[in-house]
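Peer 1: Could you put the whole structure together from the sequences, leaning on the hints where they help?
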Amino acid sequence: MMISPDWFVEELKDKSYKELLPIRDKLIRQIRSFEKHTYDPKLDTICPSPDVVYQCNLQYLSKLCDLIAEKYNSEIVWGNNKP
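Going by our numbering, the first residue of the sequence shown is number 1, and it counts up by one from there.
No wet-lab data here; the hints were simulated from the structure. Ideal Cβ positions, reconstructed from N, Cα and C, are used throughout, including at glycine. Among the hints, a few may not be true.
Distance ranges between label pairs, derived from CB positions [stated by the list, open to error]:
| no. | residue 1 | residue 2 | range |
| --- | --- | --- | --- |
| 1 | Arg29 | Val52 | 28 to 38 Å |
| 2 | Ile3 | Ile28 | 30 to 40 Å |
| 3 | Leu58 | Pro22 | 27 to 37 Å |
| 4 | Glu35 | Ile3 | 16 to 26 Å |
| 5 | Ser74 | Ser33 | 25 to 35 Å |
| 6 | Asp25 | Gln55 | 16 to 26 Å |
| 7 | Asp51 | Asn73 | 17 to 27 Å |
| 8 | Tyr72 | Asp6 | 17 to 27 Å |
| 9 | Pro50 | Ser74 | 31 to 41 Å |
| 10 | Val52 | Ile28 | 16 to 26 Å |
| 11 | Glu10 | Leu58 | 32 to 42 Å |
| 12 | Val52 | Glu11 | 13 to 23 Å |
| 13 | Asp6 | Tyr54 | 16 to 26 Å |
Peer 2: Right under this line is the structure:
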């Protein structure tokens, strides 16, 4: 991915809360693959250092979680369990 975390979130601002959750889950899976040393660099066309990708993914996840919380608070009608 390797774009600015702010730009990453900017691209996702129009998505709904439900659309953001699979993106979050994919990032978490990628982060876990680095932590378990099962990352396959062949998956990326241009392979920066795994440490750089790992740190960027953590930043993306942080910004994405902030956006998800914001969407959750704006889309959920309190007292109604449907997002």
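Peer 1: If a hint holds in the structure, say so; if it does not, say that too.
Peer 2: We went through each hint and held it up to the structure:
1. Arg29 - Val52: 28 to 38 Å: At 18 Å between Cβs, range violated.
2. Ile3 - Ile28: 30 to 40 Å: Since the Cβ atoms of Ile3 and Ile28 sit about 19 Å apart, the hinted range of 30 to 40 Å is violated.
3. Leu58 - Pro22: 27 to 37 Å: Given range 27 to 37 Å: violated, Cβ gap about 18 Å.
4. Glu35 - Ile3: 16 to 26 Å: With a Cβ separation near 22 Å, Glu35 and Ile3 satisfy 16 to 26 Å, so the hint holds.
5. Ser74 - Ser33: 25 to 35 Å: Given about 32 Å between the Cβ atoms, the range holds.
6. Asp25 - Gln55: 16 to 26 Å: With Cβ atoms ~20 Å apart, the hint holds.
7. Asp51 - Asn73: 17 to 27 Å: 34 Å, violated
8. Tyr72 - Asp6: 17 to 27 Å: 20 Å, holds
9. Pro50 - Ser74: 31 to 41 Å: For Ser74 against Pro50, whose Cβ atoms are near 36 Å apart, the range 31 to 41 Å holds.
10. Val52 - Ile28: 16 to 26 Å: Given range 16 to 26 Å: holds, Cβ gap about 18 Å.
11. Glu10 - Leu58: 32 to 42 Å: Once the Cβ atoms are compared, 18 Å apart, the range 32 to 42 Å for Leu58 and Glu10 is violated.
12. Val52 - Glu11: 13 to 23 Å: The hinted range 13 to 23 Å holds for Val52 and Glu11, with Cβ atoms some 20 Å apart.
13. Asp6 - Tyr54: 16 to 26 Å: At 19 Å between Cβs, range holds.
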